[in-house]
Amino acid sequence: MKKNYYQPEDLKKFGSISEWNEDLGAKFFDYYNSVFEEGSLTNREKSLIALAVSHVVQCPYCIDAYTKDCLQRGIVKEDMMEAVHVGAAIKAGAALVHGVQMMNRHDQLSM
Amino acid sequence: MKTKSLKAQNNSLSKTEKQLEILANGIFKDGSLPTFKKKIASNNLPPIRPKKLEILQINVGYMCNQVCAHCHVDAGPDRKEIMTYKTMEQILKVIKNTKIRTIDLTGGAPEMHPEFRWFVEELRKTDVEEIIVRSNLTILLANKKYNDLPAFFAKHKVHVISSLPFYKREKTDRQRGNGVFESSIKALQMLNKVGYGVLESDLQLDLVYNPSGAFLPGNQAALETDFKKALFEDFGVKFNQLFTITNLPISRFLDYLIASENYEEYMHTLVDAFNPSALENVMCTNTLSVSWEGFLFDCDFNQMLNLKVDIPSRHISEFNQDELKNRFIILSQHCYGCTAGAGSSCQGSIA
Chain A
1 MKKNYYQPED LKKFGSISEW NEDLGAKFFD YYNSVFEEGS LTNREKSLIA LAVSHVVQCP
61 YCIDAYTKDC LQRGIVKEDM MEAVHVGAAI KAGAALVHGV QMMNRHDQLS M
Chain B
1001 MKTKSLKAQN NSLSKTEKQL EILANGIFKD GSLPTFKKKI ASNNLPPIRP KKLEILQINV
1061 GYMCNQVCAH CHVDAGPDRK EIMTYKTMEQ ILKVIKNTKI RTIDLTGGAP EMHPEFRWFV
1121 EELRKTDVEE IIVRSNLTIL LANKKYNDLP AFFAKHKVHV ISSLPFYKRE KTDRQRGNGV
1181 FESSIKALQM LNKVGYGVLE SDLQLDLVYN PSGAFLPGNQ AALETDFKKA LFEDFGVKFN
1241 QLFTITNLPI SRFLDYLIAS ENYEEYMHTL VDAFNPSALE NVMCTNTLSV SWEGFLFDCD
1301 FNQMLNLKVD IPSRHISEFN QDELKNRFII LSQHCYGCTA GAGSSCQGSI A
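Line by line, the protein sequences are chains A and B. The letter at position 2 of the first sequence is residue 2 when you use the working numbering, and the numbering goes up by one with no holes. Numbers given in the working numbering equal positions in the second sequence, counted from 1, plus 1000.
If you're looking for bench data, these hints aren't it; they were derived computationally from the structure. Every residue, glycine too, gets a C-beta built ideally from N, C-alpha and C. Treat each hint with caution, since some may be false.
What the hints assert, rightly or not - Cβ-to-Cβ under 7 Å is the rule here; a few derived chain A residues that face chain B:
hint : residue
1    : 68
2    : 71
3    : 72
4    : 73
5    : 74
The shape of chain A in the complex, shown without the other chains:
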């Protein structure tokens, strides 16, 4: 057993998840590939969204993959960092908006 939960080389083995359930694996990858095809959104827009979400879900594999994907698409680092901030702002907002729940509960319990 490796000593770290995350191994960079495991990203290359992502496809192997299908070995233990071919049907669901194939369905997932088919869906995944369809999502990233150019549609109403450009590949460039999708890559930046994926990069931002990768940070929000804190997936090191996704961050590796989509940083490289952005570079390949000629996306500059300033745009990449802005996208990360969008994700971070939503995450911070999601935490902070619960402050209203805290305030409601506080007021309900307080005299």
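With chain A's structure known, arrange chain B on it following the hints.
Relative to the frame of chain A, chain B by itself:
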């Protein structure tokens, strides 16, 4: 930014044997990755064979006014290798006796060759349809004596292909040296002024994009749209086509990959992106490369690895079309660079 060639630094990677040793060993020897030959065989693809010879790419010497971080030639101001007048005459003789459509002049900076203009004029007197000059752009401003090159190019209907790694300053300067972006833009404006890249003109100006790092180029058409928009909006610059070229793991780019600990990951990226349909159009099938000494190679990359064509007549003075037509292309793991993703050649993507 380094200002000396690997050769001048006495870097072991300036030796072709060392580069070939790295490409043959490590992950390719321990079986982590298949060699290029094995990859072709495992895809049930036939060996690469030459088709009709259409392009003669002539490297007139390794001297250059720039020392780019990714240069596969290891060119620079300290390189003195230069093609002799005699070799140029031998090339002209071959061109007159064959039906080669395109001459592709490269270097170094080919314009720095003292016989450059004479050679272009002589080439124009032959039946070749197209003369390409691979210009690094900054040479046009490097010295007064080069300032009239745009007019010279236009007069001889030279097809200009120029490297510009990115449409923004930072990435360009990081790869090619400080101030290169600004000079390149000025040079492009000079070329536009004499009619290059302009819609109503037949003077062709193409740009070459190659990634500033250990990743593959993106979609050529999408990058061309980005380049055209940015260069026109910011600088009023126009050009015809953008060619995306993958960096091959040899010479200075190999040095960078190893020093930055990206070598193995980059080779995995190239191998994973192997595209069988790119194999059909790799440039060694229609191009022949001539070195400053007059030796013949399957491509400019094999030239830099000193892998001469695999036939008895290896010099331009003994040019033998039958032997060349029936030869086998010499392969190593750097060839993965031409078959990755949308493929790569000196004319951009190929699949």
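Hint check: 7 Å Cβ-Cβ cutoff, residue 73 of chain A to chain B: 4 Å, holds
Double-check residue 72 of chain A for me: the hint is only fine if its C-beta lies closer than 7 Å to a C-beta in chain B. 4 Å, holds
Mind checking the CB of residue 71 of chain A against every CB in chain B and telling me if the closest is under 7 Å? 5 Å, holds
Hint check, residue 68 of chain A versus chain B [nearest Cβ-Cβ separation less than 7 Å]: This hint holds: residue 68 of chain A lies near chain B, its Cβ roughly 5 Å from the closest one there, short of 7 Å.
Given residue 74 of chain A as an interface hint, is the shortest Cβ-Cβ distance to chain B below 7 Å? At about 5 Å, which falls below the 7 Å cut-off, the nearest Cβ of chain B leaves the hint on residue 74 of chain A intact, so it holds.
Comparing the model with each earlier hint shows no violations; every hint is respected.
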